[in-house]
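According to full-length UniProt numbering, the sequence shown is numbered sequentially starting from 1.
Computed spacing ranges between beta-carbons, pair by pair:
hint, residue 1, residue 2, range
1, Gly-48, Glu-141, 26 to 34 Å
2, Gly-48, Gln-122, 17 to 25 Å
3, His-75, Glu-119, 25 to 33 Å
4, Arg-143, Asp-9, 36 to 44 Å
5, Met-46, Glu-141, 34 to 42 Å
6, Asp-43, Arg-121, 29 to 37 Å
7, Ala-40, Glu-138, 37 to 45 Å
8, Asp-136, Met-46, 30 to 38 Å
9, Thr-76, Arg-143, 16 to 24 Å
10, Arg-10, Gln-111, 22 to 30 Å
11, Gly-107, Asp-136, 19 to 27 Å
12, Arg-143, Asp-11, 33 to 41 Å
13, Met-46, Leu-115, 15 to 23 Å
14, Gly-12, Asp-73, 33 to 41 Å
Derived by calculation from the structure, the hints in this document are not laboratory data. We put the CB at the ideal spot given by N, CA and C, even for glycine.
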Amino acid sequence: MTDSPIAADRDGIRYLSGAIPAADDVRALYDAVGWSAYTADMDTLMGGLQGSATVVTAFDGGRLVGLARVVSDGHTIAYLQDILVDPGHQRRGIASEMLRRVFARFGHVRQHVLLTDTEERQRAFYEAHGFRESRDVEGDELRAFVRFQSRDG
1 MTDSPIAADR DGIRYLSGAI PAADDVRALY DAVGWSAYTA DMDTLMGGLQ GSATVVTAFD
61 GGRLVGLARV VSDGHTIAYL QDILVDPGHQ RRGIASEMLR RVFARFGHVR QHVLLTDTEE
121 RQRAFYEAHG FRESRDVEGD ELRAFVRFQS RDG
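Modelling step: build the complete structure from the supplied sequences, incorporating the hints.
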């Protein structure tokens, strides 16, 4: 990751760009939102955070309550790999602020991409921030594909 840590406060939440939180804090946040598939292998998760183009975190006091990260080549694509907010802090604008901050340095990049589940709340959130499902992009017939590798090889 090439960011230098930069902090800023908003509405009592401290946002930090460019710093990787402690593994115990990361585990607690991912587990709090039910993403235990990630925390089953903390070395891989922490390696992914370290390898990200940018990471934005949100703290309430000293507690990690949000994290967003982008994987990118810096020129043609910026992929939102993770965005998560502690359940007790959701619906307070934290995800929106992290999304704005995590993509801030990729304004020149044409493709901002993400995968998410099929809950309407997620769709509404991303559409409110200018994202569209690939099937809804007019003028460009798009199809999205994904392939998951098993952990065994």
